[in-house]
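**Student:** As a plain string of letters, each chain reads:
There are 2 protein chains.
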Amino acid sequence: MTGPIYARMAVIGCGLIGSSVIRAARAAGAVGEVAVADASEAARAQVVELGYADRVTADPAEAARGADLVVFAVPVMAMGEAARAAAPGLAPGITVTDVGSVKGAVAEALAAALPATVHIVPGHPIAGTEQSGPDAGFAELFQNRWTILTPQQRTDAPYQEAVERLTDFWTALGANVELMDASHHDLVLAVTSHLPHLIAYNIVGTAADLEGVTRGEVMKYSAGGFRDFTRIAASDPTMWRDVFLANKDAVLETLGRFTEDLQALSRAIRWGEGDKLFELFSRTRDIRRGIIAAGQESAAPNFGRDARAAPAPDTNRQQS
Amino acid sequence: MTGPIYARMAVIGCGLIGSSVIRAARAAGAVGEVAVADASEAARAQVVELGYADRVTADPAEAARGADLVVFAVPVMAMGEAARAAAPGLAPGITVTDVGSVKGAVAEALAAALPATVHIVPGHPIAGTEQSGPDAGFAELFQNRWTILTPQQRTDAPYQEAVERLTDFWTALGANVELMDASHHDLVLAVTSHLPHLIAYNIVGTAADLEGVTRGEVMKYSAGGFRDFTRIAASDPTMWRDVFLANKDAVLETLGRFTEDLQALSRAIRWGEGDKLFELFSRTRDIRRGIIAAGQESAAPNFGRDARAAPAPDTNRQQS
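In order, the protein sequence lines correspond to chains A and B.
Position in the first sequence (from 1) plus 62 gives the number in this note's numbering.
Position in the second sequence (from 1) plus 62 gives the number in this note's numbering.
FYI, nobody ran anything at the bench for these hints, they're computed from the structure.
Be careful, since some hints might not be right.
Claimed, not checked - Simulated pairs of lysine-lysine, BS3-like, Cα-Cα distance not exceeding 27 Å: (1) Lys-338/A with Lys-338/B; (2) Lys-338/B with Lys-310/A; (3) Lys-310/A with Lys-282/B; (4) Lys-282/A with Lys-310/B.
Unchecked claim - Which residues of chain A face chain B? A partial, calculated answer using Cβ under 7 Å: (5) Arg-88; (6) Ala-89; (7) Ala-90; (8) Gly-94; (9) Asn-238; (10) Val-239; (11) Pro-258; (12) Tyr-263; (13) Asn-264; (14) Glu-279; (15) Val-280; (16) Ile-294.
The C-beta atom is built at its ideal place from N, Cα and C for all residues, glycine as well.
Please take these sequences and the hints and turn them into a complete structure.
**Tutor:** Set out below in structure tokens:
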């Protein structure tokens with residue numbers, strides 16, 4: 063690389079993803095200077111202490127001033143306000159992107175808040191942990207993960223160049239980049255991410271309130287499947303509240319389908335229709351094999367997240 | 063240890079759990095000889111090749127002959143038939159147990175099929191992987207996992223001694239042993255294991271059939287939460303069909319509660335009630351912290367199952 067892809071990056075909102083973008087970009091030499099804006103005084107103090115930003119401020123416009131890339135990394139429903147606050151600092155022709163988990167609503171909010179002279183290229187890195195805050199980020203978060211960009215319907219050369227440059231940026235951070243229509247993104251993610259989170263939140267809530275089983279027992283015997291759900295259901299509440307509100311239509315649509323299917327499954331159990339259960343359970347197993355075949359995960363038994371406690375493949379799974 | 067806890071163990075059904083019991087018992091020196099019965103010729107051939115049994119047969123009675131511990135490790139709905147087949151080989155006073163994920167129905171089936179002279183102590187090790195077969199087992203599977211025993215309501219000394227000896231056996235295999243009423247077991251496991259599996263099977267099925275999103279896309283972007291469900295939904299179809307049929311009442315009861323809660327959540331999304339969503343999502347996060355505090359899992363970011371591909375904590379999680 064002859065030099066950084068962006069001379070100066072401003073990150074508005076420095077939580078898990080914002081701080082990971084900074085760390086990864088610095089590690090890759092993809093940016094020169096880094097400015098951070100965060101509304102939280104505690105977060106700003108943490109960023110200063112961690113020392114990975116050249117400038118830290120409460121004012122998005124101040125952070126954005128002089129930047130050729132501005133990354134909005136606040137919760138989805140806060141994007142519009144953050145963009146309005148940053149707008150006075152944006153120079154014409156620069157690239158503005160975001161990392162929100164919903165793209166349709168965010169693209170609209172950014173377009174409404176920002177001057178027409180900037181190139182808005184909404185984005186979504188499909189990566190994260192259940193941790194949050196400026197100290198939760200790490201440089202490897204995007205390695206071998208997908209980042210989806212949802213460019214506007216524009217064919218002019220400067221905009222195309224902005225999309226290409228942002229693609230190079232995410233590639234430098236280790237991500238595989240895919241371009242997609244915003245509404246298609248929101249449907250795909252409703253299925254692969256938003257619905258799974260909703261279900262996980264729901265089942266953990268149900269288990270906590272169930273009579274006849276104490277919360278202690280639920281925790282104690284969580285290795286039989288439940289624990290995987292608790293991990294997902296420990297994700298940032300603000301972020302996920304916003305995701306469901308901002309992607310309401312696609313989430314409710316897929317949730318409707320899920321509920322229909324669950325009713326059929328419930329009926330099959332009630333009437334002892336073992337063949338129907340077996341057919342579904344065999345089909346879902348094939349899908350898992352498809353994911354493994356697609357290289358999304360290793361087929362070999364992995365030393366899972368409990369590997370330190372017990373050196374056994376996947377011992378927190380099933381048979382329960 | 064002055065000698066093995068059981069001089070001769072017979073394992074009826076040699077899949078993931080059966081073979082793990084054998085490997086773990088051998089590693090711990092908890093058994094002298096091991097006999098295996100399996101209905102599948104392919105499985106028997108594999109057991110012979112793997113070389114961990116002293117005798118391999120298709121006939122449960124033959125395997126059981128001379129054993130002081132008989133372990134039934136077949137799918138839950140096959141327990142009764144396996145027990146009837148083994149009954150002629152059982153000597154009076156020996157201990158009979160099982161590893162099924164449902165205890166009420168299995169306890170009944172065993173009691174109905176076996177002579178009153180044997181000590182039936184139903185059991186359930188809460189451990190497993192999504193793999194199956196005689197070659198899927200490993201000696202460490204039960205390390206630091208719970209094994210629940212659901213003894214009969216008997217107070218006579220020989221039976222109490224049988225329970226204690228079986229407790230010693232599982233402890234030697236590395237498990238933490240808990241005694242519990244069979245029906246309470248079935249309710250606890252309905253929440254912590256059976257419902258999570260049902261939900262996982264269902265969501266993977268829903269995703270596979272959804273219009274507008276290809277199966278390839280579902281697989282490609284599964285890192286946002288969905289992938290955890292596919293792992294659970296890859297569990298053995300026969301085993302899980304049997305679990306739902308054998309624990310119908312408790313599963314339908316907890317499923318009913320789950321569905322009620324999901325309707326309320328759906329309504330909150332539809333009406334944009336962000337506060338309700340936030341409240342639930344904060345509460346479930348606390349439950350996760352409870353599990354971590356209870357020592358069921360490490361609080362630190364773990365190098366998860368994808369650690370080999372990308373050395374980053376938990377990169378297959380959330381923010382999506």
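**Student:** So, for every hint listed, does it hold in this structure?
**Tutor:** To see whether the hints hold, each was checked on the structure:
1. Lys-338/A with Lys-338/B: At roughly 36 Å apart (the allowed maximum being 27 Å), Lys-338/B and Lys-338/A break the hint.
2. Lys-338/B with Lys-310/A: holds (15 Å)
3. Lys-310/A with Lys-282/B: Holds. Lys-310/A to Lys-282/B sits at ~23 Å (cutoff 27 Å).
4. Lys-282/A with Lys-310/B: Holds: Lys-282/A and Lys-310/B sit about 23 Å apart, inside 27 Å.
5. Arg-88: violated (16 Å)
6. Ala-89: Constraint on Ala-89/A not satisfied, violated at 12 Å.
7. Ala-90: violated (14 Å)
8. Gly-94: violated (25 Å)
9. Asn-238: Check failed: Cβ of Asn-238/A comes no nearer than 9 Å to chain B, outside 7 Å.
10. Val-239: Violated - the Cβ of Val-239/A stays beyond 7 Å from chain B, reaching only about 13 Å at its closest.
11. Pro-258: holds (4 Å)
12. Tyr-263: holds (5 Å)
13. Asn-264: holds (5 Å)
14. Glu-279: Since the shortest Cβ distance to chain B is 5 Å, the answer is holds.
15. Val-280: holds (6 Å)
16. Ile-294: holds (6 Å)
In this structure, the earlier hints numbered 1, 5, 6, 7, 8, 9, 10 are contradicted, and the remaining ones agree with it.
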